[in-house]
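Engineer: The residues making up each chain are set out below.
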Amino acid sequence: MNFVDIALWAMRFTVLAVVLGGTIGTLIRSRYGITEWLDFLVFGVTLGSIYAQVALGYTMVYGVLRLINFAHGDIMMTGAFAGYFVATATDHSGLLASDPFLAIGLTLLVSVAVSTTIAVLTERLAYRPFRHVRGLAPLICAIGVSFFLEQTFRGMFGSSIKAYPDLHWTPADFVIGGYPIPKIDVLVVACAIISMAVLYAIVHHTRMGTAMRAVAEDTDTAALMGIDVNRVVVFTFALGGAMAGIAGVFYAFVFKQVYFYMGFTPGIKAFGAAVLGGIGNVPGAMIGGFFLGIVESVGPALFFDGIGITAPYQLRDVIAFTLLIMVLIFRPHGLLGERLAKQRA
Amino acid sequence: MTHLRSSLFLGFAFGIVALHLAVVGLLPMLNQRWIIIGTLSLGHGTLLAIGLGAGAFAARYQVRRLSTVLHAAIAGAIAALPLAALATVMLHVNLRWMFIALSPDLLHMLTFGLAAPIGLGLLMFAGGALGVAGCLLSWAPARLRHALIWGCTAFVIAGVFQELIQIMMQANDWTATIQDVLYTWEGLTPQGAAILFLCGVLAGGGSGLLRTRTAARGNGSPQAVRRRRSTNMAIVLAVLIVFPLVAGSYIGQVMMLVGLYILMGMGLNLEVGLAGLLDLGFVAFFAVGAYTTAILTADSAHALASYTVLPSLTIWEAMPISVLMAVVVGVAFGMPVLGVRGDYLAVATMGLGEIVRVLVASDFAAPLLGGAQGILQIPRPAIGGLVLNDPVALFYVTLAAAMVAAWFAWRLENSRLGRAWMALRDDEDVAQALGINLVKAKLLAYGLGAAFAGLAGSIFATMLGAIYPSSFQLLISINVLALIIVGGMGSLPGVVVGAAVLIGLPELLREFGEYRYLFYGAALVIMMRIRPEGLWPSPTRRRELHADDALPETDGESIAMAAD
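Residue numbers (the numbering used here), protein chains in the order written: chain A, 1 to 345; chain B, 346 to 909.
In short, the hints are calculated from the structure, not lab data. This one's a predicted model, so the numbers in the text were calculated from it and none came from an experiment. Note that beta-carbon positions come from the ideal geometry of N, C-alpha and C, so glycine has one too. Wrong hints could be hidden among the right ones.
Pulled a few chain A residues facing chain B out of the computed Cβ check, cut under 10 Å [stated by the list, open to error]:
| hint | residue |
| --- | --- |
| 1 | Asn2 |
| 2 | Val4 |
| 3 | Tyr32 |
| 4 | Gly33 |
| 5 | Trp37 |
| 6 | Leu139 |
| 7 | Cys141 |
| 8 | Gln151 |
| 9 | Thr265 |
| 10 | Ile325 |
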């Protein structure tokens, strides 16, 4: 048992200690009541649905191209920005108040159009030339594209934080069994489930979806079978971009903030969710996303508060990143994935 | 027909670039910078370059005929089309609430201050003319083209960096008289531009002659090469030592920042360039070095000296300890991720780096590390009784540290360990099969790379006098990675070039500071496309990346003869 194994076991032990110790500590202290836990849970599911949608983009692109599209989080940001202008327009014209579903639908439409276009453009200009290059080049290009998108949007729209309009739904909550659940969260989760169901249907029940899965399994053989790989890749990016656009709008409605850097951290976390579920695996990404959302929402209160850490919400990102790192080290093929991950290297 | 289509497409591509620059807000900002005052601004220069480029690219693979000139003209005019369209839209609709960069200044610039149809027509005509000029330029003999490029570069650089050059020239009397001839207020005078253009042309011609003369003489024996390289290095060193004294303290500060990034770049070069371990959590080691120095030396409540029995140390004593701590953290980072490869390693190390960043800024670690307020009152280094307070002195400290580090890096690169790293980079499994202890090699890579970063962090802490957690963002890791990529992975001179271009230039062009990451992003993609080995690559790297270009021609005869 050399020292590397010792270190890895120490890591597992520390994480387990924090998780178990924190949970026990929190339950003993019982600082939070049922309402609070339910709040955390509902928020976690909402956040998770958003992460799941972004994770789907990552997982599909990775499956088809074996490329981590670092810029995917920024594509979500572009969708959120596009939606911002439509949403404020509908708010000013009163459409948001009178017919919120139509207004949100319009917002989603424009956002999806913009994010899909940008996703397809980035593939065409920045990723296609490096399709057959091994090594660091595709990753570097992805980082470059990420910067480029962020800064372009900063230059075009300014670096101030923009606020999505409030939906002014009174009462703002559904009351189920005596506990309040915010209507916006229900809307976000419902729409996310619908869009993920549509995506699943596309991937498993259409010819293009079958082509996607074929290319993900073995690109060369798929090409030999007569599949136009370029078209499949463009379609994959378009699908991923659309999901990211929807996720962006909902992220902005929930967090009410849009700014040029907003896509980066959710993007990395969603990548963690995709790896957790099994990279290249569509249901895996969905499960991973929900899991990550719930853990991130409930975690600070459940783990950190229990072991006495002050201001646990500041360390919220630590939970997500620790989860990401643990998955990458100990189970790179994720919960549902085949051993694609080891092949890649 | 296809030539026409490609010209249209090229022109449109260049036009979109121009449109992007306008909408993002760069074009109006470039317009503020004068090259020749009153006549030629950097914005105009950019548009000129775009027009010329469109024409030159359109004519590149075509025969020298009149129709090609026409195609180039069309390309240039099409390049101007998106801008003209933008200006037309701006005249009728106010889009400023959405696109904040579409200001009246931009409109004024695009229409040359004239009424709409005339101004825009002029714009398109100028585009066409530039296209023709670009086409002719690409057909011109190489000598003429190089002379023109040298001349233009000379006066453009003199104009763009006029602030610094003017400061330097004001020091001396006879340089001050030259300055009056060349410059006025914020830019060159027309005669100054002409003079500099001529100087550039002469210099270009001279360097061309020099190159042909040395090529004719031959490269010389290995001893001669080594001697030449040592004299080159000595000259560069002398320039580096003398330049900040001449150029003022602002340049000294910029050079110090460049020096810090060179230090970090050499460390990441060990990890990424030599060992192939893509480490995006590099900023964590930088932070460890900085915070260790801070808590050992600071004169505040967060210093270890104020609540333990440990004495308060000087910077010189704290530096080795900071480096040691950075090595420990480096090895600690490396141990869990030994089995992770490729892109996953990048993301895993990024996650580790982000965890460190969040922890450092959190209230949880605030008692030790100062939280969001950071740690203040870090003293400057002192030699004997002399406190090194001004940027130039600190630059010399950085230079000394960088030279020591460079020596280490150079010796490591050519050592057994360095070769083990390169084997590891090329193929881990084969390296292991050949008997290289992967664990040891990787941990040494992480540790030694972290050591450089720790040293840089220590100097950073004392340079600023106070450290805040917001200085340790992921962006720094990506900065360092970018400068290695642009300069050339695995090559030490490449690190210097990369740092000068990616860190030094934006610092000198301060007002474009907001757009530096835009340039980084574009530069990364473009570099990967046209010159993946970097600006100053190591020879092996260049060979590897262009192996296919250099395959010798085989002809049937030689094979047949070999078969005999």
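Engineer: Take the hints in turn and mark each one as holding or not.
Structural biologist: Quick rundown of the hints versus the structure:
About 8 Å separates the beta-carbon of asparagine 2 of chain A from the nearest beta-carbon of chain B, less than 10 Å, and the hint is met. About 6 Å separates the beta-carbon of valine 4 of chain A from the nearest beta-carbon of chain B, less than 10 Å, and the hint is met. Below 10 Å, beta-carbon pairs count as interface contacts, and tyrosine 32 of chain A has none with chain B, the closest being about 19 Å; its hint is therefore violated. Because the beta carbon of glycine 33 of chain A sits about 24 Å from the nearest beta carbon in chain B, more than 10 Å, this interface hint is broken.
For tryptophan 37 of chain A, the interface hint is violated, since its Cβ never comes within 10 Å of a Cβ in chain B; the closest pair sits about 22 Å apart. Annotation: leucine 139 of chain A was flagged as interfacial toward chain B, and the flag holds, the nearest CB pair being 6 Å apart, inside 10 Å. The beta carbon of cysteine 141 of chain A is positioned within 10 Å of a beta carbon in chain B (closest approach about 5 Å), and the interface hint is therefore held. Interface hint status for glutamine 151 of chain A: upheld, as the beta-carbon distance to the closest one in chain B is roughly 4 Å, under 10 Å.
For threonine 265 of chain A, the shortest C-beta to C-beta distance to chain B is roughly 8 Å, which falls under 10 Å, so the interface hint holds. For the restraint placing isoleucine 325 of chain A at the interface with chain B, the shortest Cβ-Cβ distance is roughly 5 Å, inside the 10 Å limit, so the hint holds.
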